[in-house]
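Protein chains in written order, with this note's numbering: chain D, 205 to 1105; chain B, 60 to 170.
Heads up, some of the hints might be wrong.
One-sided and incomplete, this derived list gives chain D residues near chain B with beta-carbon spacing under 10 Å [what the hints assert, rightly or not]: (1) E228; (2) L231; (3) I247; (4) S249; (5) E273; (6) D461; (7) V967; (8) R969.
Hints in this document: simulated from the structure, not taken from any laboratory. Ideal Cβ positions, reconstructed from N, Cα and C, are used throughout, including at glycine.
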Amino acid sequence: MRLEHWWFTVPLRLRSMLRRGQLERELDEELQFHLEQKIEEGIASGLSPDEARYEALRAMDGLEQQKEEMRDMRRVNWLTDFTDDTRYAIRSLRRSFALTAFVVITLALGIGMTAASFSMVDALILRPYPVPLPNTVVTLVSTSRDNSFDSFSYREYQDIRGTAKSYDGVIANGAFSPVGFSVDGAATPRVKAGLMVSGNYFQVLGVEPKVGRGFRKDEDEVPGRDAVVVLAWDFWKNEFAGDAAVIGRTVRLNGTDFTVIGVTPESFPGMQIFARPDFYMPLAMARVISTNPNRNFFEDRDERVLSVKARLGPGTSLDQARSEIAVIARDFAREHPALNRNRGAAVRTQLDMRTRGDDPNWKFGVVFSILALGVLLVACTNVAGLLLSRAGTRTREIAVRLALGAGQFRLIRMLLTESLMLALLGGVAGIGVGYVCIEMFRQFSIPTTLPVTIPFRMDARIMFACFSLSVASAFLCGLAPALQSTGTDLVKGLKSADVDAPGRLRLWGRNVLVVAQVAISLMLLTASFLMFRGFQHGLVDGTGFTKVARDHVLMASFDPRLMQYDAARTQRFYELLTERARQAPGVVNASVTQNPPLGLDDFDAIAFVPEGHQMSPDRETFTSAVDTIDEGYFATMGIPIVRGRAFLASDTQDALRVAIVNEHFAKHYWPGADPVGKRFRLDGQAGAPVEVVGVAQTIKYRDTSDKPIDFVYLPLAQRPIPRMTLLLRSSGDPLEVLEPLKSVVRSLDPNLPMLVTRTYEEVYRYAAVEGPAIAINMAGTMGAMALLLAIAGLYGLVAYNVSRRTREIGIRMALGAAPRDVLRLVMGKGLVLVGVGTCIGLAMGFAVERLMNSMLFNSGGVDVLAYVIVVPTMFLVTMLAAYVPAHKASRIAPTEALRYE
Amino acid sequence: MSKPNDLVQGTLDLLLLKILALEPLHGWAISRRLKTISGDVLQVSEGSLYPALHKLEQEGWITAEWKQTENNRRAKFYSLTRLGRKQLESEAASWHLLSSAITRVVRLSEA
């Protein structure tokens, strides 16, 4: 039935669309025929031809309206009308070019900013994995009290892979790690990003290498046997100029020869958001890139370094997978109580993984999107206000159209088409604005060891968002004016060129707009101010290390494994390096650290049991962030030791194991007691005892807005780490000691590469200045824009009112009102509106503050200063916007005013 | 707007379909025919008739053709389609159902 129906109606619709002219003629002819028949009937019944004609016409009243109704019956009217309306809209917009330009720019800024923020949200949260059926890829995590997104160890991964039935495949990958790469043994290695993956990685993800092949199952079975590598597309293009002959060749990775077996397809940039691996190696080759020589990757069940993903099998629900992994976790806890007690496991979706509570990036994206939508909303209300006053001057045109038989709905559509055209123009320009903003984000260089890809981009998804926003804003700013102007009283509308509908009702809409503008822009200003204050607040207590360190430290990283140094030789290398560097000209102090503070590489974590601290029964160990340093570190960075001592050269491998903790740690575990001399055990009750010999001041470790955390320093001699960063404190410009440093390194090993060389100031600037600056600037720009728009809106409203009431003002003044009274009359209204807007804005400001505090700055309480500054400023500025036209009104000469119109 | 207030809602379609089921007619003739058959009870104004015809045409229930009238004037003749015949059957059926139900209610004796 349905199909048959279509069979008949589709040709009809097509005909209505394509042969409009003919249909119109037929319609005329049909009605004409009817009319003539009616006249004949009238004549036959004895009327004169004129009378008959008159009677017939009266009987068929409103011929034109009937025709319009019949056109509606064709069902394709919306389309044919739309093309008419579009043509008309373009013509009328071109006529009022200035207004069009203003509206388009306003909307473009709103839409562009929203698009830019949305590109952040998209990249950080929404964009699916670049693999087929991305929704079926889930992440399996180990969970403990301190970490609900923990990794699994190799053995655990093997067990899960062996037992889980919910999946079409379980894959694992190691951390993104720096690997020394060279095409042969003779060349100096360069640092590239390597990723260890399980042998089934590509196959389960559905990523088929176009050049060469992926890993075979047996290539990931025997530790250390199959040195094969799959190159990433970009890396292959850059390093090997996309030469397919590279398959079968060997490359040297961290000193081991690997055979190239394949190249990933271009469509697969990797599963991470920020990082793109340069090549992939099987897990079985872990020995080559394992960072911790003290741990056995293949055997230690608590060496949890693998991130495990799985593809849900067809017909398996997330809930099934969840209950299965819970069972597996219970089995682990039963079989390995020492390592897995109080440890669970969970299945996380992509969204879960990307909206982790401890990751501030996506939160900034969300907060910015909310703010940008606020700007767009203000822009829309402004445009609505403009269209509204324009609609006022078009009353007559509309009235004529209504009188000629246009339906109200039809006119609303026409007017909406106009605002749609405006909004689409705004959307196109908005894509431009968004593109510029996104490019600005992308310019930003992040001082990490491995290159970071900034994933924000203007792509089809963002353009679609722009388009949707345009359509939404067209309705938002076009609907009210359209409804209002088509609801005009016909008779009045025809009499006057510019008539006001019943006063109160008409102005009500505009009042709401102004209140909304004031409120939203107040909220945005508050938000930007709070963001500024939030970052500033982070720096009030300082970073904890001296400014000298910030301005005069040069950093260089080394990884002697690249030249196949063993642990002892590595140790010796760092000793000699610091010793000789310290004597180089211009160098005041030198030391090494695993991770400098505020850097982007995260700190290692240690598990420990503090002595004398009552452990709750469900807890085996505590964890803390840790840095490995040598004895010169605190002096070089200028971090004060508040109790006890720094490390000494005598804290060697064979001496008593020692540690330095920060004040926060000391207060946390030994409140009120002297922490110096206390001990903790590493890794658990049975672990090695470590004695605290000093307490260092708590500093900012990860970023400037972080709250104090527990922190432990361990000496390099007792915790050998192959990859360390040398810090050189210079007396002058830190770059001046670069050449002396190079010669020191050459004297030690001419082939050893200096991996990353930059001033510490660069790292600091990124963490404490540039990153926050971008956020502050963005929020500030949005606040300023909203304020400007609100000023324009309020000015427009008051000016409009004045022009409306010019006659009235003239009469009042003629009757003896003083300019002061007029000013009060006109301003009073603005004052009320701004007042109401301020109150609402204040409430919204508090809400935003709570949101930002909970999401970004970890601080409670209300920032009174922000409101003390923002609210009066806002109030004064908006009042000024109202004052200017009001003042003008009070200067009107009564004689002129009375002649007005 | 110009809804036939003298006709039960929705019955105009049924009437038009039924009349056209007998023979193809043009709009004027349809309005005459309605009037005569119903003994002047049912009057349909032009303002309802033509939109209704156009609606039926767009639904694919009737189709139109330009033909000469008996006195050699060009007029648009409407005739029922296969789809329209089905529609007529179903609408007639539901009309019978409705009218007999109403009749039964009206005839309830107030005993």
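Structure-based check of all given hints:
A distance limit of 10 Å between C-beta atoms decides the matter here; for E228 (chain D) the minimum to chain B is near 13 Å, and the interface restraint is violated. Interface hint at L231 (chain D): satisfied, since its Cβ lies 8 Å from the closest Cβ of chain B, which is below the 10 Å cut-off. Against a cut-off of 10 Å between C-beta atoms, the interface hint on I247 (chain D) is violated, since the closest Cβ of chain B lies about 14 Å away. Violation of the interface hint for S249 (chain D) is found here, the shortest Cβ-Cβ separation to chain B being roughly 14 Å, above the 10 Å cut-off.
Because the closest C-beta pair between E273 (chain D) and chain B is about 5 Å apart, less than 10 Å, the hint holds. Contact between D461 (chain D) and chain B, as hinted, is not supported at the beta carbon level, the nearest pair being about 76 Å apart and thus beyond 10 Å. The interface hint given for V967 (chain D) is broken, as the beta carbon of that residue sits about 71 Å from the closest beta carbon of chain B, more than 10 Å. Below 10 Å, beta-carbon pairs count as interface contacts, and R969 (chain D) has none with chain B, the closest being about 69 Å; its hint is therefore violated.
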